[in-house]
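Number of protein chains: 2
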Amino acid sequence: MTQDKCLVDIHTHVYLPEYLELLRQREKVPRVLPPLEEGEDERLIILPDEDKGESTKNGRPVGPDYYDVREKLAFMDKHDIDISVISLANPWIDFLPPTEETFDLARRLNVSMEKMCQDPITHGRLYGMGTLPLSSVEGSIAEVERIAALPRMRGVIMGTFGCGKGLDDPALEPLYQAIAKHNLVIFLHPHYGVNLPASGNTDAGHSLALALGFPFETTYAIARLILSGIFDRVPDLKILLAHSGGTLPFLAGRIDSCVAHDPAVASKLNHPPSYYLKKLYYDAVIYHETGVKATAAFVDPSQMMFGTDHPFFPPLETKDARWMSVDSNLSAISNAGLDSSTVEGILGKNALRIFNLELPSK
Amino acid sequence: MTQDKCLVDIHTHVYLPEYLELLRQREKVPRVLPPLEEGEDERLIILPDEDKGESTKNGRPVGPDYYDVREKLAFMDKHDIDISVISLANPWIDFLPPTEETFDLARRLNVSMEKMCQDPITHGRLYGMGTLPLSSVEGSIAEVERIAALPRMRGVIMGTFGCGKGLDDPALEPLYQAIAKHNLVIFLHPHYGVNLPASGNTDAGHSLALALGFPFETTYAIARLILSGIFDRVPDLKILLAHSGGTLPFLAGRIDSCVAHDPAVASKLNHPPSYYLKKLYYDAVIYHETGVKATAAFVDPSQMMFGTDHPFFPPLETKDARWMSVDSNLSAISNAGLDSSTVEGILGKNALRIFNLELPSK
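Going line by line, the protein sequences match chains A and B.
At position 169 of the first sequence the residue is numbered 169 (my numbering), and the sequence of numbers has no breaks.
At position 120 of the second sequence the residue is numbered 120 (my numbering), and the sequence of numbers has no breaks.
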């Protein structure tokens, strides 16, 4: 293997022991419940109202894929992934109050993440994203300083909640400045969904909440952030958008048009919204060629990076098969009509450059 | 001009006199208010809660563009549009109760639409979409029969409300069968938006409700409709999606993946959701090349058709300029890297074929 052919997964989650312990102690969602039967896995309920739906109330089994670094490495081996940039899964610790206890937990989570990345059995194949105690901007800025000093950390993962008022909350601006100053990347990931009208007639389980609510949430939060003018004030802010930006590459033209026709909104920005959208990074977790083609048509494909969303969307059939969700993302990249050097970039080289990763020797 | 080079606008609205009169009489949204100053235009407030927003509460001026067939023709001449397939604007008459009075209004609206299309000054350049009294399935089926008998009608325009329970309401199935039997096309158009979380910090006017709420609504409603299995039961149902399908061409892969990973949902369908999505028609009202490229990569581009959304998104500068909103859609189609015969199809020939339109001799 040369550096020209590497596979880097920048969208892959882990449930650290400290986080599972927190979720076990909780009495409302997000929470981890005991096994339904003895000898089975614990169960994770994370999405809002998931505990209320007939088909979702029992949650997902929390297998070793969720927390065991050896399972992460086995998954990487199975799919020829050289490096993974791991991050805590949603909803992180957004729901905790701004207390010393929360700050301490963030600190322990990040140290634990760093330790996992430094575990000798990983042979340098893991890097990490930090977690912030977002209910406090001050606490988060302090944690950013600590994360920046951890050798294998490359960014921070964030939802769209901010301190409770969304990403365009002016109170967050010092945090964005601190993140930009340390050259960390924000990995922006949905969790809360968008309040879709009652499903009424169709029992779609949580398939539509995941398929649509997640990308709608990312789209709306980033559109608001852009309209706040943050990128005119903090132009160096680097944001990686989950799921190829939700729907932003597709809707950018409509957003530009609607903003241009509302001069009171347009006049607050130095550029049309798509100008800022074209500066962001996009994962390639979109599961079909059209999505990759659209994203690569919208932004410079050197800003796109492969991801898996592991441990979610495991194979339905056998435990040993390659994961369909991974293969659909890989084949979408290969079959999007891009030249081989662009494909190599999306698969790994872009991530090496953007996150300053070192490819371990084999 | 030959039939190879024609421009057909299949997304263009008109406020018929009977509809304006209805909106004038109403005391809540949607409604038409008197001019703010004598000699000015009346004002239209259509979107939910638009009357409550500081920047939107005064509505849009209802100029002759909204109702005068001569203005429609002048707009068409200005942009070299040969044929327009006109439709009533949202929210149609969804909000009226299932009474004889409502059925009679639907009938009068459709006769009025047909009459406008037959007006000698149009020289055969207009075709129409009918309006249904959707609060009653029976009343709507009866109206479909009448619309099918009107010589210049080619379809029906519908929102996502159905009879109040969405498009996947089983009660609507006989209506879908009647529409399919008469070979009419449903023009599916958003109105209600999606309940986006409070905008909080960013005063975006209604720019994001239009830019995002509209396409999210279309996406969610059609995803639900597909999961209901309607296209397995009424495979001949023809639906044209406004705004290039909202976000469906971009999200189809994620929808397939999320549905496949929820076997209880997947097992109700004969095919993955994208199979059905690829059978629908898509307008090309998406305002940038990426949107056209993505839609053309997702569906056979012979299912795509040019549109303008007239009289909305008028030019901001002078009254005489070509409309930026129209030109951005035209240049998106021209610059999407499609071959000339594909472009000609999207600009007009597809609409001639799909709607069985006759190009007037000049």
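One should not assume that every hint holds.
Said to hold, decoys possible - Derived CB-CB ranges, DEER-like:
no. : chain 1 : residue 1 : chain 2 : residue 2 : range
1   : A       : 337       : B       : 236       : 27 to 37 Å
2   : B       : 320       : A       : 270       : 25 to 35 Å
3   : A       : 331       : B       : 119       : 46 to 56 Å
4   : A       : 34        : B       : 163       : 40 to 50 Å
5   : A       : 35        : B       : 232       : 32 to 42 Å
6   : B       : 278       : A       : 337       : 15 to 25 Å
7   : B       : 340       : A       : 79        : 38 to 48 Å
8   : A       : 182       : B       : 68        : 51 to 61 Å
9   : B       : 163       : A       : 79        : 22 to 32 Å
10  : B       : 163       : A       : 181       : 24 to 34 Å
11  : B       : 183       : A       : 64        : 50 to 60 Å
12  : B       : 340       : A       : 331       : 42 to 52 Å
13  : A       : 34        : B       : 278       : 53 to 63 Å
14  : B       : 39        : A       : 236       : 27 to 37 Å
Keep in mind that the hints were calculated from the coordinates and are not lab data.
All figures in this text were calculated on a predicted structure; none of them were measured in a lab.
Don't be surprised by glycine CBs; every beta carbon is placed ideally from N, CA and C.
Right, here's what the structure says about each hint:
In this structure the supplied range 27 to 37 Å holds for residue 337 of chain A paired with residue 236 of chain B, their Cβ-Cβ distance being about 33 Å. For the pair residue 320 of chain B and residue 270 of chain A, the beta carbons lie near 29 Å from each other, so the given range of 25 to 35 Å is met. For the hinted restraint 46 to 56 Å between residue 331 of chain A and residue 119 of chain B, the CB-CB distance of approximately 54 Å keeps it satisfied. Taking 40 to 50 Å as the suggested C-beta distance range, the pair residue 34 of chain A and residue 163 of chain B conforms, at roughly 44 Å.
A hinted range of 32 to 42 Å holds for the C-beta pair residue 35 of chain A and residue 232 of chain B, which are about 38 Å apart. Checked against the hint of 15 to 25 Å, the pair residue 278 of chain B and residue 337 of chain A passes, with Cβ atoms roughly 18 Å apart. In this structure the supplied range 38 to 48 Å holds for residue 340 of chain B paired with residue 79 of chain A, their Cβ-Cβ distance being about 42 Å. Here the CB-CB span from residue 182 of chain A to residue 68 of chain B is close to 60 Å, well matched to the stated 51 to 61 Å.
Range check, residue 163 of chain B to residue 79 of chain A: about 48 Å between beta-carbon atoms, so the 22 to 32 Å window is missed. Separation of residue 163 of chain B from residue 181 of chain A is about 56 Å and departs from the stated range, judged on CB atoms against 24 to 34 Å. The hint said 50 to 60 Å for the Cβ distance between residue 183 of chain B and residue 64 of chain A, and at roughly 56 Å that hint holds. Separation of residue 340 of chain B from residue 331 of chain A is about 30 Å and departs from the stated range, judged on CB atoms against 42 to 52 Å.
The supplied range of 53 to 63 Å is broken by residue 34 of chain A and residue 278 of chain B, whose beta-carbon atoms lie about 44 Å from each other. Taking the beta carbon of each, residue 39 of chain B and residue 236 of chain A are about 52 Å apart, not inside 27 to 37 Å as hinted.
The earlier numbered hints that this structure contradicts are 9, 10, 12, 13 and 14.
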